[in-house]
Amino acid sequence: MCEGKNLGPCSGPNRQRDLCTFCTISLDQEEVFRTKVFDKSLSPFYGEDFYFEIPRPFQCLSFYVFAKGVFQRDLPVGKVSIRKEELCKFSGKEHWFGLQPVDPNSEVQGKVHLEMRLNELIIENGSMCQQLLVRIIECQGLPLISGQNCDPYATVSLVGPVTRPNSYTKKSNFPPYSPLSNTNVSTGHHSNADWVCFVGCLSLVHRYLLQPKGNGKSKTDDLGSLRLNVTYIEDNVLPSACYTPLRTLLLKSPDIKPISASAAHILGDICRERYEAVLPVVRLLLHHSRLVPFVSAITVLELENTQEANTIFRGNSLATRCIDDMMKIVGRSYLTVTLKPVLDEICESNKTCEIDPIKLKEGDNVEVNKENLQGYVQKVFSSITQSSSSCPPLMCDVFRSLRHMASKRFPDDPHVQYSAVSSFVFLRFFAVAVLSPHTFQLRPHHPDLEVSRTLTLISKTIQTLGSWGSLSKNKLVCMDVSYQPLQHAYQSSLVYIIKLTVPISSQYLFCFREIQKRAQGRKRIGKRNFKKRWLRVTNRELSYHKHRGKEALCIIPVKDIRAVEKLYESAFNRKNMFQVLHSEKPLYVQAGNCVEASEWVEVLSQVSRCNPDRLGTFHPSAYVAGAWLCCRSLSDSQPGCKPCTPTLLANLQLDIDCDRETERIFSLLTSSYSKLQKMEDACASIAVYQGPPREQDDYSLFTIQDPKETFHTVRQITHILEELQREHDTRSGTAQYGSQ
2 MCEGKNLGPC SGPNRQRDLC TFCTISLDQE EVFRTKVFDK SLSPFYGEDF YFEIPRPFQC
62 LSFYVFAKGV FQRDLPVGKV SIRKEELCKF SGKEHWFGLQ PVDPNSEVQG KVHLEMRLNE
122 LIIENGSMCQ QLLVRIIECQ GLPLISGQNC DPYATVSLVG PVTRPNSYTK KSNFPPYSPL
182 SNTNVSTGHH SNADWVCFVG CLSLVHRYLL QPKGNGKSKT DDLGSLRLNV TYIEDNVLPS
242 ACYTPLRTLL LKSPDIKPIS ASAAHILGDI CRERYEAVLP VVRLLLHHSR LVPFVSAITV
302 LELENTQEAN TIFRGNSLAT RCIDDMMKIV GRSYLTVTLK PVLDEICESN KTCEIDPIKL
362 KEGDNVEVNK ENLQGYVQKV FSSITQSSSS CPPLMCDVFR SLRHMASKRF PDDPHVQYSA
422 VSSFVFLRFF AVAVLSPHTF QLRPHHPDLE VSRTLTLISK TIQTLGSWGS LSKNKLVCMD
482 VSYQPLQHAY QSSLVYIIKL TVPISSQYLF CFREIQKRAQ GRKRIGKRNF KKRWLRVTNR
542 ELSYHKHRGK EALCIIPVKD IRAVEKLYES AFNRKNMFQV LHSEKPLYVQ AGNCVEASEW
602 VEVLSQVSRC NPDRLGTFHP SAYVAGAWLC CRSLSDSQPG CKPCTPTLLA NLQLDIDCDR
662 ETERIFSLLT SSYSKLQKME DACASIAVYQ GPPREQDDYS LFTIQDPKET FHTVRQITHI
722 LEELQREHDT RSGTAQYGSQ
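Going by the working numbering, the sequence shown opens with residue 2, and the numbers climb by one from there.
Keep in mind that the hints were calculated from the coordinates and are not lab data. Please note that the accuracy of each hint is not assured.
Each computed SDA-like pair below joins lysine to any residue, with the alpha-carbon atoms no more than 20 Å apart [to be verified]:
#  : residue 1 : residue 2
1  : 69        : 7
2  : 341       : 444
3  : 380       : 495
4  : 37        : 437
5  : 533       : 576
6  : 643       : 534
7  : 518       : 545
8  : 69        : 34
9  : 586       : 549
10 : 533       : 586
11 : 679       : 710
12 : 258       : 302
13 : 371       : 349
14 : 360       : 374
15 : 6         : 228
16 : 532       : 546
17 : 37        : 445
18 : 586       : 616
19 : 6         : 46
20 : 352       : 253
21 : 362       : 373
22 : 461       : 489
23 : 6         : 77
24 : 560       : 618
25 : 253       : 709
26 : 329       : 657
27 : 518       : 534
28 : 37        : 230
Estimated spans, in silico, between C-beta atoms of each pair [unchecked claim]:
#  : residue 1 : residue 2 : range
29 : 625       : 514       : 54 to 60 Å
30 : 634       : 584       : 17 to 23 Å
31 : 729       : 376       : 36 to 42 Å
Cβ coordinates follow ideal geometry from the N, Cα and C atoms, glycine included.
Given the sequences, and given the hints that come with them, work out the whole structure.
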């Protein structure tokens with residue numbers, strides 16, 4: 002969505018100088034996206050990108066411009082509708098489209114399945130006539146009315162002059178070959194029709210697209226125009242075996258030395274200006290657990306070309322694009338758990354946070370607004386820095402690798418290892434989600450203008466706070482804010498990054514508190530069975546101690562934990578109880594209060610979330626006197642009677658169609674075939690002349706570290722593309738729905 006120009010009627014009483022507009026994108030009449038609202042502008046610059054899979058058949062891609070209503074519903078200004086078969090004419094290029102009126106008679110979608118049969122009849126006087134029988138079999142794809150299926154009916158009408166001799170008196174009988182100009186079938190609501198009989202001269206069985214009433218013609222006016230850039234792509238996916246050579250070549254990419262000679266890197270090199278080119282590679286490597294080594298390899302290559310630590314990961318490189326796409330795919334649930342509750346509060350509370358004196362409204366109190374903003378920032382920042390245990394393991398693996406490689410590249414800079422991670426997790430992940438929560442499904446639509454301004458201020462502050470990992474204490478003191486809050490935020494972000502990136506071989510303490518522990522294996526209830534102990538949990542083990550700092554009385558490896566669940570109070574007549582189920586007897590623990598109990602359960606659940614032998618059910622009470630108190634089962638080995646609480650953000654299971662992703666990569670490589678040929682020529686030139694080819698400026702766009710290895714990979718890609726194209730040509734025009 003690029004921009005609008007001169008929106009609204011050009012003259013008359015409906016002309017509004019202070020029009021607040023937004024756009025929606027619809028498949029047929031179903032809205033799928035909308036832009037933010039632009040305040041008091043007849044020529045707004047939208048500048049928003051939307052990329053989405055089309056989940057169903059459709060007829061039109063439509064763009065509606067609405068005027069934002071304050072006390073009434075939003076009013077349509079105009080629309081741009083592009084039929085599916087016309088999308089290829091506009092694909093990949095910017096065009097100006099004139100807005101058309103939004104007329105209820107033109108808002109049509111769906112198909113009608115008709116059977117028309119022409120019969121010859123002998124009438125009373127013995128002469129022959131013809132009878133047309135019209136049967137409406139079914140309709141498909143009719144619009145939803147207020148989100149519900151409509152109750153449709155159909156009417157059949159005869160349009161145009163019909164010549165009838167005076168001898169014919171029955172309306173159902175017409176002479177042969179009467180001049181019948183048109184037959185219309187239209188749909189409506191609240192009734193139904195089955196058989197309608199009249200005479201005509203037509204015979205067929207067909208499905209028709211429903212057309213606008215009255216040809217969709219309505220009063221035209223200059224409603225303005227939209228500048229759009231639409232790219233429409235259809236992938237014809239072949240049988241899986243056809244993609245094996247290309248898929249195998251791509252999955253070998255992390256092992257190729259140098260990485261610039263790999264198939265995945267070559268794709269990124271020749272399609273670097275196409276933002277959608279990286280996504281199918283990321284999804285394919287994710288599905289086969291090959292993304293982390295590939296990202297590590299291309300990150301090393303980028304760091305070799307980075308000369309200063311303060312410019313690390315600032316550009317839009319292949320490495321940054323891969324990590325960005327990975328975070329969007331893998332981290333969506335993480336964002337929901339971490340940010341959605343506080344963002345819902347911000348969007349629904351309507352507190353003003355404007356602190357710019359120029360933008361303050363009459364009656365606003367800047368001090369009150371500053372307190373509101375500080376409160377929101379504290380909630381958002383605390384939600385982020387306290388969420389390390391919820392971060393998906395795959396993201397932690399990537400961040401751990403970034404920290405290690407940045408530290409190795411700039412050993413004299415103690416802060417670069419943290420800024421390398423914060424540049425992604427704060428600047429490119431959380432700050433972006435706060436600014437545009439609808440993009441990550443954290444909110445259903447764009448927030449209104451005032452809330453959007455609040456989110457912008459919060460996002461900018463989060464970016465500043467998150468980037469402090471690369472700032473020194475002296476720089477923090479120079480800021481025009483009291484040092485203590487800054488130092489606290491600095492420490493919080495630092496601890497958060499350390500927790501995210503703690504090496505697997507290292508042991509990091511998550512919690513160490515005093516609790517009441519029940520002796521394991523006891524079959525009777527009694528006060529003597531509960532003793533004060535210090536419970537300690539790290540990323541590797543759970544242990545309890547008689548005194549803080551003393552040797553552990555018992556150690557339970559985290560990998561052996563099978564479930565962590567709360568207990569009914571009636572189990573031991575004690576509150577705030579939870580249990581740790583592992584390979585031996587359950588460990589029953591009483592926390593100091595309800596908050597601590599919840600924190601223990603959350604921490605233990607998160608550190609053990611990826612264990613392969615996690616239980617699906619558990620007993621919410623104890624096994625005492627030969628029976629489970631919850632279900633009265635007599636066997637102590639009886640499976641649980643209650644489902645375990647689902648652990649959020651467990652091992653990532655992505656629903657990825659690898660054949661389709663590989664087909665998408667094939668299409669990208671094919672569309673950039675000329676650049677692939679130039680890369681091959683560049684490799685040959687470098688290998689022959691033993692130096693960079695100065696006569697070809699295009700060659701400088703490629704990363705060629707080893708021309709022979711790169712040439713070999715390019716030749717493999719070219720051969721595979723030719724084979725796949727032959728497969729497509731063989732099946733072209735012969736494929737049918739339901740066939741292999």
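Original post:
residue 329 and residue 657: Cα distance at most 20 Å?
Top reply: The given pair, whose Cα atoms are some 14 Å apart, holds under the 20 Å limit.
Original post:
Given the hint that residue 37 pairs with residue 437, does the C-alpha gap stay at or below 20 Å?
Top reply: holds (10 Å)
Original post:
Is the hinted pair residue 371 and residue 349 satisfied, with a Cα-Cα distance of at most 20 Å?
Top reply: holds (18 Å)
Subject >> 20 Å limit on alpha-carbon distance, applied to hinted pair residue 586 and residue 549 >> reply: Roughly 24 Å between the alpha carbons, so the hint for residue 586 and residue 549 is violated.
Original post:
Quick one, are residue 532 and residue 546 close enough, alpha carbons at most 20 Å?
Top reply: OK: residue 532 and residue 546 at ~11 Å, within 20 Å.
**OP:** Could you see if the CB distance from residue 634 to residue 584 stays within 17 to 23 Å?
**Re:** This hint holds: roughly 21 Å between Cβ atoms.
Original post:
Holds or violated: are the alpha carbons of residue 37 and residue 445 at most 20 Å from each other?
Top reply: Distance ~12 Å between residue 37 and residue 445 Cα, so the pair holds.
Original post:
Is the hinted pair residue 69 and residue 34 satisfied, with a Cα-Cα distance of at most 20 Å?
Top reply: holds (16 Å)
Original post:
Holds or violated: are the alpha carbons of residue 461 and residue 489 at most 20 Å from each other?
Top reply: Holds, at about 18 Å.
Original post:
Is the hinted pair residue 360 and residue 374 satisfied, with a Cα-Cα distance of at most 20 Å?
Top reply: holds (15 Å)
Subject >> Satisfaction of hint between residue 253 and residue 352, Cα-Cα up to 20 Å >> reply: violated (53 Å)
Original post:
Is residue 258 within 20 Å of residue 302, Cα to Cα?
Top reply: holds (11 Å)
Consistency note: the structure conflicts with the earlier hints numbered 6, 9, 20, 29, 31.
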